[in-house]
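Heads up: the sequence lines are chains A and B, in that order. Here this note's numbering = 1-based position in the first sequence + 117. Here this note's numbering = 1-based position in the second sequence + 117.
Bear in mind the hints are in silico, worked out from the structure with no lab data behind them. Treat the hints with caution; some may be incorrect.
If chains are identical, the list can't say which one is meant, so a pair holds when it fits in one copy or spans any two.
Restricting the straight-line Cα-Cα distance to at most 25 angstroms, the calculated cross-link-like pairs of lysine-lysine (PhoX-like) are [what the hints assert, rightly or not]:
{"hint": "1", "residue 1": "K230", "residue 2": "K244"}
{"hint": "2", "residue 1": "K229", "residue 2": "K176"}
{"hint": "3", "residue 1": "K169", "residue 2": "K229"}
{"hint": "4", "residue 1": "K132", "residue 2": "K176"}
{"hint": "5", "residue 1": "K132", "residue 2": "K171"}
{"hint": "6", "residue 1": "K171", "residue 2": "K229"}
{"hint": "7", "residue 1": "K176", "residue 2": "K244"}
{"hint": "8", "residue 1": "K160", "residue 2": "K132"}
{"hint": "9", "residue 1": "K132", "residue 2": "K244"}
{"hint": "10", "residue 1": "K171", "residue 2": "K244"}
{"hint": "11", "residue 1": "K169", "residue 2": "K230"}
{"hint": "12", "residue 1": "K176", "residue 2": "K160"}
Nothing here was measured: the structure is a model prediction, and the numbers come from that model.
There are 2 protein chains.
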Amino acid sequence: MRCLPPGFRFCPTDKELILDYLLRRATGSCFKFPTIGEVDIYKVEPWDLPGKAKMGEVKWYFLHRREHESYATGTCPNRTTESGYWEATGIDRPITVSADDDDTTLMTVGFKKALVFYRGRPPTGEKTPWMMQEYRLHDNLLSANESASSATSSTSVRVYAYIRCRRT
Amino acid sequence: MRCLPPGFRFCPTDKELILDYLLRRATGSCFKFPTIGEVDIYKVEPWDLPGKAKMGEVKWYFLHRREHESYATGTCPNRTTESGYWEATGIDRPITVSADDDDTTLMTVGFKKALVFYRGRPPTGEKTPWMMQEYRLHDNLLSANESASSATSSTSVRVYAYIRCRRT
Chain A
118 MRCLPPGFRF
128 CPTDKELILD
138 YLLRRATGSC
148 FKFPTIGEVD
158 IYKVEPWDLP
168 GKAKMGEVKW
178 YFLHRREHES
188 YATGTCPNRT
198 TESGYWEATG
208 IDRPITVSAD
218 DDDTTLMTVG
228 FKKALVFYRG
238 RPPTGEKTPW
248 MMQEYRLHDN
258 LLSANESASS
268 ATSSTSVRVY
278 AYIRCRRT
Chain B
118 MRCLPPGFRF
128 CPTDKELILD
138 YLLRRATGSC
148 FKFPTIGEVD
158 IYKVEPWDLP
168 GKAKMGEVKW
178 YFLHRREHES
188 YATGTCPNRT
198 TESGYWEATG
208 IDRPITVSAD
218 DDDTTLMTVG
228 FKKALVFYRG
238 RPPTGEKTPW
248 MMQEYRLHDN
258 LLSANESASS
268 ATSSTSVRVY
278 AYIRCRRT
């Protein structure tokens, strides 16, 4: 892909991340991911993440399996790294596709959620400019797809779109 | 380019439009433009522009030579089409690149300006959701480049990034 004309780059839409990457990964479809590598994102500090990506300039993408996460309390994942932690900000935003030809019915296929990195330990961590968008499949997509294996269920694998914001 | 993985598309930065497309076009560099076609944008109505583009989904790019434009009064271009007119909104915003290694000095290489399409004739036209960003080279780039021909001078060719906004 090095011979592409200037201006071509990997800038997927939300729907592409859900349907072309997460769903294919969860259902075990034969699909190579030359653009999104699998990384245990909580074993890497934010400033080292770009170096772990397969490609990217200002935004980097990763696949992450949730079995890497520990759950300190209940169902809330423990998103800590050695030097800090990722904290969700705002609500889950649905990602929809048209369920009919005239775009009158929308079907939710996934969700995205913003995460901010804090240095230190909660609740006294210091906010940083590092941010991620977490993409996950809607649970219903798993039951709708019989070929999905339990090892790579729709809820166990996620995509993270990672950026460093300008704000400090 | 049809065999690219999902998520790859033409989404150039402002700098790429100025330096990789406009400057090369103005200086007659040997460079094929498989992605941006040359169109007299004022002979085409906004809703027909996507069909004139070489590629695009929600944003379309065109090269336009200013000798197509007529100047009704002074140096202000006549941006009318058969059914309406394009009107500039806001100021010219400079597009800069680093002039040294440590990013302390910025050099302006071009400008961009937003245009909105109105149905009818000025000043009573009705605003529409059609918008363009007009990109032009900084005049200094022409004098800095001796190989630029008068037929394709830096000021005579522009790039238009065209979108239909959601607002009505």
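Each hint tested on the structure:
{"no.": "1", "hint": "K230 to K244", "in the structure": "within (17 angstroms within a copy, 35 angstroms between copies)"}
{"no.": "2", "hint": "K229 to K176", "in the structure": "both (16 angstroms within a copy, 24 angstroms between copies)"}
{"no.": "3", "hint": "K169 to K229", "in the structure": "within (22 angstroms within a copy, 35 angstroms between copies)"}
{"no.": "4", "hint": "K132 to K176", "in the structure": "both (17 angstroms within a copy, 17 angstroms between copies)"}
{"no.": "5", "hint": "K132 to K171", "in the structure": "both (21 angstroms within a copy, 23 angstroms between copies)"}
{"no.": "6", "hint": "K171 to K229", "in the structure": "within (22 angstroms within a copy, 32 angstroms between copies)"}
{"no.": "7", "hint": "K176 to K244", "in the structure": "within (19 angstroms within a copy, 35 angstroms between copies)"}
{"no.": "8", "hint": "K160 to K132", "in the structure": "neither (28 angstroms within a copy, 35 angstroms between copies)"}
{"no.": "9", "hint": "K132 to K244", "in the structure": "neither (30 angstroms within a copy, 31 angstroms between copies)"}
{"no.": "10", "hint": "K171 to K244", "in the structure": "neither (27 angstroms within a copy, 44 angstroms between copies)"}
{"no.": "11", "hint": "K169 to K230", "in the structure": "within (22 angstroms within a copy, 37 angstroms between copies)"}
{"no.": "12", "hint": "K176 to K160", "in the structure": "within (19 angstroms within a copy, 38 angstroms between copies)"}
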